[in-house]
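Visitor: Starting from the known structure of chain F, fit chain R onto it as the hints suggest.
Single-letter residue listing:
2 protein chains.
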Amino acid sequence: MTTKTIDVCLSPDLMHLYQVQDRTVVVVDILRATSCMTTAFAHGINSIMPFAKLEDCLAKKTEGYYTAGERDGKKVEGCDLGNSPFEYMNPELKGKKIAFTTTNGTQAIAKSEGAQEIVIGSFLNLSTVANYLRQGTNNVLVVCAGWKGKVNLEDTLFAGALVELLKDNIEPDCDAPLMAQHLYNQGKKDLVGFLQNSSHVKRLARLNIHKDIEFCLTPDQYTVLPVLKNKTLSL
Amino acid sequence: MTTKTIDVCLSPDLMHLYQVQDRTVVVVDILRATSCMTTAFAHGINSIMPFAKLEDCLAKKTEGYYTAGERDGKKVEGCDLGNSPFEYMNPELKGKKIAFTTTNGTQAIAKSEGAQEIVIGSFLNLSTVANYLRQGTNNVLVVCAGWKGKVNLEDTLFAGALVELLKDNIEPDCDAPLMAQHLYNQGKKDLVGFLQNSSHVKRLARLNIHKDIEFCLTPDQYTVLPVLKNKTLSL
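Chains F and R, in that order, are what the protein sequence lines are.
Every letter in the first sequence is one number past the one before it in my numbering, and letter 202, counting from 1, is 202.
Every letter in the second sequence is one number past the one before it in my numbering, and letter 145, counting from 1, is 145.
So that you can see chain F by itself, here it is in the shape it has in the complex (with noise of 0.2 Å):
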């Protein structure tokens, strides 16, 4: 049997470096798109469909869709919602459709078109994703959102987090996967603490969403496992 092996890209700027056809894509913006969608689906929401432009996400209104946006950590005027996980726990929006855009999250999805096949990672469905991938054919290869081309750090701790759960069944392909590793190793016992001097924590901090940030580093609050088909994505 040969070993699968699974790969990180650290920016969705570093996408034509891989090939992604015969790959299990896990597309990861923890701060905060990835977290929102995982936690949508745990409390119920029918699918959420990505887009990388804001105009084409305002454009679904008319057919039904709830609209989420974000743009710099910030909800877009317009949209009913924006990018906070607190916000998707809503029974209202139960079986709804919600069209989705933010800075990064979203641009990785796009990036990732071609992909055998796309999921959605978030800390809070780590050890679903990580199931999913143990027990699949493919190779693996991470998307790191990460913040308008340049790498994050947490972003980069749930890569680590992904090869540290899979080191005994799935093999890292090259440095970054080690490199993402090693640093969840190092952080993984106060993530949280780990990550106070990164750019987007602080950005955030600015913002005052301190609740929001702790929660999208707790791993395994849900067992959803979102994945992109025709565009959209569903469980």
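These are calculated hints, taken from the structure and not from any lab test.
Mixed in with the good hints there might be a few duds.
Put simply, identical chains are the same to the list, so a pair is met inside one copy or across any two.
In the BS3-like style, the derived pairs of lysine-lysine whose C-alpha atoms are separated by at most 25 Å in a straight line are [claimed, not checked]: (1) K188 x K167; (2) K97 x K60; (3) K167 x K202; (4) K4 x K148; (5) K96 x K60.
Guide: Relative to the frame of chain F, chain R by itself:
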């Protein structure tokens, strides 16, 4: 006084994200281009002209240059020199000019063009580079050569060493320098051991050059600071 900042570009393929015209750029390719360059200057070479393209490098042979070429870790046929630092200790090279091309390092230099100043960094001249940056007034960008666009551990560790050495004087800008610093602090007691699973060390180990790896990871063997001026490196 405004605090100076240090950022780290983990791959030349991310250079479009960084403004360089007002920065001092430190180009690093630990295994082995910038380690060779540092060694060459410490042993009395006159100048090094870096080339991204092999044919441009070879063309300098007729102008009295020694040619140094590496592709995929191996010396290029027809070149006078390869990419082992020990070759550059040869007393015959004293006072001579070298035209130099490598898989990653000289590409990273080419992509740094337009910077206010470009210097060459390696563990071999680590403290000299750090002192120079500390005394200067420019913000700093460390450009890691990586491996064909992908990030690598050894260049990231060097970037982290600079961030750590300069932490009282120059502030990390964004998450990449923090990540590099964390990794360096984790690995600094035994850099060779920390790197033993990395992809480039495995690649080089197959070429049987352990001695090169150990030497390139040894801090502060030299006090030279190669600087790029008019497309040529000199002291």
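Visitor: Would you mind marking each hint as holding or not holding in the structure?
Guide: Okay, the hints, checked on the actual structure:
With identical chains, the CA atoms of K188 and K167 are at most 25 Å apart both within one copy (16 Å) and between copies (24 Å). In this assembly of identical chains, K97 and K60 lie within 25 Å of each other by CA distance solely inside one copy; the values are 10 Å within and 64 Å between copies. In this assembly of identical chains, the alpha carbons of K167 and K202 lie at most 25 Å apart only when taken from different copies (18 Å versus 32 Å within one copy). Within a single copy, K4 and K148 get their C-alpha atoms only as close as 30 Å, which misses the 25 Å cut-off; across copies the closest is 23 Å, which meets it.
Proximity of K96 to K60 under the C-alpha cut-off of 25 Å is restricted to the intra-copy arrangement: shortest distance 13 Å within a copy versus 67 Å between copies.
Of the numbered hints stated above, none is contradicted by the structure.
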